[in-house]
Structures are given as structure tokens and as C-alpha cells.
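Peer 1: Next come the chains, spelled out residue by residue.
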Amino acid sequence: MRHPTVLVALAVVVALAVAALPDPFRWLAAGAGVLLAGWLGARPPEAARPARPEAPPVIDFVHELRGLLALLPEGILVIDAQEDVLVANPALARILRRPREEMEGVSLIRATRDAALAQVLREAAGEPRDVALGDDRIVRAAAARLEAAPVHAVLTVQDITALRNAERARSELVANVSHELRTPIAAARALAETLESGVDDAERRARFHASLTHELERLGDIVERLLTLSRLESRAEEFDIRPVEVAELARVAVARMLPVAERSGVALAVHVATPAGALVLADHERGLEVITNLLDNAIRYSPRGGTVTIRLEADGDMTRVCVRDEGPGILPADRQRVFERFYTADRARGSGTGLGLAIARHTVSRLGGEIWVAEGSPGATLCFTLPRADAPA
Amino acid sequence: MPREQFQRQIAALQDGVLEMGSMVERAVDRAMQALMDRDVALARGIIEDDREVNAIGFHLQNACISLLAQQAPMAGDLRMIVSVTAIMSDMERMGDHAAGIAKIVVMMQDEPLVKPLIDMPIMASRAKDMLRNSVQAFLDQDIEAAYRVGAADEEVDRLYDQIYADLIQVMVGDPTTIEPSTHLLWVAHNLERIADRATNIAERTVYSATGMLPQMDVSTY
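Here the protein sequences line up with chains X and S, keeping their order. Every letter in the first sequence is one number past the one before it in the numbering used here, and letter 17, counting from 1, is 934. Every letter in the second sequence is one number past the one before it in the numbering used here, and letter 17, counting from 1, is 13.
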């Protein structure tokens, strides 16, 4: 008689292979499954080993199975013919965010708490299915039926949220870059064509030339920002990190943004809660760029007559800089995504390039700090930290 | 042996409550997704899938009836089974409300939103929490947890008031927004009803555990 673990290991391999993805982890897992199957197959058959009458073979088998499935990066669930869960591996508990010990010895639905996953396992149709979990995550689930006691069927679950987001980001990037470039190109082309066909009035000609230059500058700006982002992402950008007075940084940024704020009818306020002359470790120009980016965003989302407040305070070994506006705020679901390229939470109002916060995130991370959207409403508060220059290394 | 089998049948009913709860939760999730993305195809899918929710609810109610007929259960068991039938009809209605949101999405097509959706997703998330917690309270027969679900309904009602007031203001400001505002008001109303049904499940939990049916629903709607 063949060892039942071999069957299960093979079933895992089948289920994994079915859900074939361009993902190295999957092949690693499949490879591990094959190796384990081979290793188990090479072991002496059950009868050849000394009999252990005191241990019921099923318990022993489940125990062994649990040990082997614990190694796999894929979430795996094994059920018996009554749909009771024999084994749920740690990866599955992690993916479903449930305590693993509560997932075994109970019914399928009690273990997974998810009717769609239970359905995949019941159908065991071979085709992998993508199932959305409640918290904006998505998993790819596949099942194989064995109908060999005690194992009836096996479910594999892989968290593909990151993969889905990357796919989405890639297609959005292409769409957005084309979209962002198209408007200034169309404008520049129209202006150039008009000039080419001849404009008699010298004043109008000069105005068209100025507009053409403006559109080309905008194009250049977008391309420049994309390149900056690309350099930051590949860590090719040189940083000149030295002690910088953080309050001065904030004041210069505010002075830079004042004309923009005045045009939008928004007041700017600075609260310095750090000691006078407090220093942070930063690249002066890059740090300035982060603050102006946050201010620019805050002003853009502020109602006329609103106030944008920038606040500096100590936060352990770091100095925290927060920019708060009185706009519509940022949805919890968008709090992570606002730092993605071209992601503008409210597209109707997003007149920026959608690259500012992505650049800010990379810059802050290179400077050794963090950037996040603070909780609370009304309005949005974006904060970032920079290491204090006087903090012990 | 029959007792053991009976216990298994009761456990299967509780599993059914979990399964239905998960299906309804997904329906609410997808309905909100359809609203946020203005995804009419997804909305149509939800309306279609609601039939399956109804079918499972009906199937479980039947299972309750045959269990009552065959086993003539008493006391706690009897109350448990009767509660499951009541919970099934609550969940079936919650599924209808999720499908109701989907129907509004179909009706709206690509009509612009009159205001950004900020309170609405929070309301949906609270309603889903209430559903999940009410199901867990029922499984554990946990009276305190059930009362907490009832208390959580107050926040949903408060969010509903907020959305209602905001939308009325939008309509007063610009009468051309009356129709799209009304659509959003219906969505909020469906969410409010879903939360109320979760409160019903919590009430059933107390009934199942104690034999007394409290009135947790202090909602003004």
C-alpha cells in the first residue's frame, strides 16, 4: 500500500500546478511538493516499519501531514469526507487572518469563514478561482479531490493582492503617462501649426510662442518627474545628507508656496513645537521638495478660505512634520494608495501630475524616515519623519 | 447515538448561518465596490447571485422545519432551531438590500456622484462588522457580544443621519441634483436596513440563549 502522505503531496502539486502563475514562489512550492512526494515515496512502506498499535494510524498520518504542509508558502486546507478540516497550514491561517488552532477539527465553513472558498473546495473543478476577501485582498484558490480516506480534498490558497496591485499599477501607469502627455502635446501641436501657417500680428505671435514654451515646459516637467521617480526607485539618485534646520526648511517651503496659496484663497500656518534650531539629517533640496509637495497637495484640496497647517514636533529619535488641510479628507481605503504613482484619490480635482506623493515617499524612505496619512477627520493630515541630527546613532 | 446525530444536525444549521452570513457579507462588499467603481456589469452579477442566497436560505429553513418535525426538540435546542429560521429570513432580506444597492448602481449608470463617498463606505464597513459579530455571537451564544452589536447600530444610524443631512443640503443647493442625490439616499437606506437586520440576529441570539427576546432596536427608522 502506498503511503497516503504521498497522495496528499501529489494532490498539492496538482492543485498548485493547476493554478499556474508567473510566480517563482509557486514553482518553488510545487518543487518542494515534488521533492517531498519523492522523499516520502522512497520511505519504507507502512508494513515494513515496526507496528505501533498504541497510536491510531489516522492521527499519526494527520500529524505527519501537518508537519509537511507547514513548510509550504501556499495556504493549504485538507478536509475529510464529512467536510471537517484535518489540516490547515500556518500560511493559510496567515492569509485568512484566523487563528490556526481554531481552524482544525471544525467544519469547512467554520475554519475559513468564507462561503466562496468553501465553494471552490466543494466543486474541486480544477480551474483556479480568484476570490476577493472582505478587506480589499484577493486570493487565488484551487482544489483537488482525492476521495482517499482520510483525505477527501485539498484546497490551496495564494494571496495575489500584491500581484493584482502590480498588474493594475502597470496598466494604470501606461494609461496615465499617455494621458498626461497627450494634453500638452496636442496643445503644443495646435500652437505650432498655427504659427507655421503664419500669424501676422506680432503681439499674438509672441503670445503663441509663450504658450508653446509653457506647454513644452509642462511636458518637460512630467518627464523630469518620471525620471526622478525612476532614479529614486532604482536608488541611483545622489543625496547630499547633512544636518539641516527643520524649521528653516518649513519656512522656506511655506514662502515658496505662498503665491499658490494666495491665488487659491488658502491661509498657511506654521506651528513649530521642536526646540529652536533643531536639526534633522536630510538633503536640503530634497527635503524642501517633500514639504512643498505636501503643501501643494493640501492647498489643492482645500476649500477657499481654509487653512493649511504645517506642524513640526519631536517624535523619539525622529522629527515629525505634519501637513493638515480642511479639505474632504482621504478615505481609509486610499490611505496607502495615495503614495502610488498617478494615484489621485479624487480624479475630478486632481490637477497635479499624481507623481508628487510617490516622489515624496521614495525621498523620505531614502532619508531614513516614514511617510503616512494620519487618521482622523475632517480634512487630511499627511505626516513624515526625518532622523534627528542630534539623536544617538 | 440519535442525540449525537442531532447535535451534528444542529452544528450543520449553525454552519449554514456562517455560510449565509459570508455570502451576504460578500454581496454587500461587491455592491459597494460596484457603487464606487460605477461597475454596472458587477452590479448585474450581484442581482443575479442574490437568487443563490435566497435558495440557500430557503434550503436551510427547510432543514430547520424537518429537524423540528423529526426530533421534536425542546428548550434550548428548540429555541436555537427557531432562531436559525428567523436569522435565515433576516439574512435573506440583507441579501435583498445588497441587491437593492446593486439595482441603484444599474439605475445610476454613469450619472456623476453629487458628493464624494466618504461616510457611505464607513457605514457599509460598520454594517458588515455588525453582521460578522452578530453571527459570531450567535455561534458562541454570547449575550454580551450580542448586546454590543445592538449598541453598534447607533453609530450606523448616526452616519445615516449625517448622509441624509448632507444630501438634503446638496439638493436644496441645486435642484438638478435631486435625482442623483435620491439614488445615494437609497443606498444609505439599504445599508441602514442591513445594520438593523444584524441587530435582529443579535436579538435572536439573546432569545436562543435565554428564552427572552429583547428589543435592541432603538433606531428611529
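No lab work stands behind these hints, which were simulated from the structure alone. Every value quoted in this text rests on a predicted model; they were computed, and no experiment measured them. Cβ coordinates follow ideal geometry from the N, Cα and C atoms, glycine included. Each hint should be verified, as a subset may be incorrect.
Ranges of calculated distance between the beta carbons of each label pair, as one might list FRET restraints [what the hints assert, rightly or not]:
1) X:D997 to S:P112: 33 to 41 Å
2) X:E1179 to S:A37: 42 to 50 Å
3) S:N50 to X:R1106: 52 to 60 Å
4) S:E44 to X:D1047: 15 to 23 Å
5) S:V102 to X:A1079: 43 to 51 Å
6) S:V102 to X:D997: 23 to 31 Å
7) X:D1118 to S:V102: 34 to 42 Å
8) S:T172 to X:G1115: 40 to 48 Å
9) X:G1022 to S:R(-1): 15 to 23 Å
Peer 1: Give a verdict on every hint.
Peer 2: To see whether the hints hold, each was checked on the structure:
Against the hinted window of 33 to 41 Å, the Cβ-Cβ separation of D997 of chain X and P112 of chain S comes to about 50 Å, which falls outside the hint. Checked against the given bound of 42 to 50 Å, the beta carbons of E1179 of chain X and A37 of chain S, roughly 46 Å apart, stay inside it. Between N50 of chain S and R1106 of chain X, the C-beta spacing of about 57 Å keeps the proposed range 52 to 60 Å intact. Remark: the range hint 15 to 23 Å for E44 of chain S to D1047 of chain X is upheld by a beta-carbon distance near 18 Å.
Between V102 of chain S and A1079 of chain X the C-beta distance comes to about 32 Å, which lies outside the given range of 43 to 51 Å. A beta carbon spacing of about 43 Å between V102 of chain S and D997 of chain X contradicts the range 23 to 31 Å that was offered as a hint. For D1118 of chain X and V102 of chain S, the hinted distance range of 34 to 42 Å is not satisfied, since their beta carbons lie about 54 Å from each other. One distance hint, 40 to 48 Å for the beta-carbon pair T172 of chain S and G1115 of chain X, holds here, with the actual separation near 45 Å.
For the pair G1022 of chain X and R(-1) of chain S, the beta carbons lie near 20 Å from each other, so the given range of 15 to 23 Å is met.
Checked against the numbered hints above, the structure breaks hints 1, 5, 6 and 7 and satisfies the rest.
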